[in-house]
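Enquirer: Sequence:
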Amino acid sequence: MPTTKRTVLVTGFGPFGVHKVNASWVVVQHVAKLGLGDDVCLIVKEVPVAYKSVKTDIPLLWSEFNPVLVIHVGVSGIANTLTLEQIAHNDGYFLDDINDYHPENNKCVEGAEDTISSEINMQLICDAVNNSDKFTAVVSEDAGRYLCDYSYFTSLYIDRTRCAFIHVPTLDKGYTSEELAQGVKMAILLMLEQISS
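Residue 40 is where the sequence shown starts when you use my numbering, and the numbers rise one by one after that.
Bear in mind the hints are in silico, worked out from the structure with no lab data behind them. There may be inaccurate statements among the hints.
Said to hold, decoys possible - Once the Cα atoms are required to be at most 27 Å apart in a straight line, the calculated BS3-like pairs of lysine-lysine come out as:
hint, residue 1, residue 2
1, 59, 212
2, 212, 72
3, 84, 72
4, 94, 146
5, 44, 212
6, 212, 173
7, 173, 91
8, 72, 224
9, 84, 146
10, 91, 59
11, 72, 146
12, 44, 72
13, 59, 44
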């Protein structure tokens, strides 16, 4: 009898500001080419750098695909390697998106807690990635108070047990998009293993 495939949803972001081509979406497209194995149905989606789109689209993706794991990938100008975000913030969204809009109350979810931590242990994932001698990773607790943080909080508010955010550096930091995709793939497979154990 065939095994039911597990669905994993991975998102990257569209262009914004100086990022005319968003490294996160380039990397996610490479992850799609690599795949996550025969037992995983990998869904990849590009998300606009827009608060209203995130607020609407992310919950719809959760309900449409019912994934066992959701990974948001974003680009960070200050990252030098894979950065695994442990925490998302509910407040502090003052910066305008690509539509010159930001939430009126500067919050993601009115009435929700200030921060939500993923129940995936990012330090364990980070250690395993670093021990592979193929890639380096670090753990962060500040996803930036922009669309990355906002999308992460949106998803963690839906289900903190099976969601993660990975920041990738810009493509001028010494890694190719293909190399970053290999690192992201490794992190995702480790996360799948962790949530399944």
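Enquirer: Does each hint hold? Answer for all of them.
Expert: Consistency of the hints with the structure:
Between residue 59 and residue 212 the CA atoms are separated by roughly 17 Å; this keeps the pair inside 27 Å, and the hint holds. For the suggested pair residue 212 and residue 72, the alpha carbons sit about 22 Å apart, so the restraint of at most 27 Å is met. Of the pairs offered as hints, the one joining residue 84 and residue 72 holds, with about 13 Å between alpha carbons and a cut-off of 27 Å not exceeded. This hinted pair checks out: residue 94 and residue 146 have alpha carbons roughly 11 Å apart, not beyond 27 Å.
With a C-alpha separation of about 35 Å, the suggested pair residue 44 and residue 212 falls outside the 27 Å cut-off, and the hint is violated. Taking the CA atoms of residue 212 and residue 173, the gap is about 16 Å. The hint holds against a cut of 27 Å. A hinted pair counts as satisfied when its Cα atoms are at most 27 Å apart, and residue 173 with residue 91 does not qualify at roughly 38 Å. For the hint linking residue 72 to residue 224, the alpha-carbon distance of about 11 Å falls within 27 Å, and the restraint holds.
A C-alpha spacing of about 24 Å is found between residue 84 and residue 146, which places the hinted pair at or below 27 Å, so the restraint holds. Between residue 91 and residue 59 the CA atoms are separated by roughly 20 Å; this keeps the pair inside 27 Å, and the hint holds. At most 27 Å may separate the alpha-carbon atoms for a hinted pair to count; residue 72 and residue 146 exceed this at roughly 36 Å. Straight-line distance between C-alpha atoms of residue 44 and residue 72 comes to about 17 Å, which keeps the hinted pair within the 27 Å bound.
A C-alpha spacing of about 35 Å is found between residue 59 and residue 44, which places the hinted pair above 27 Å, so the restraint is violated.
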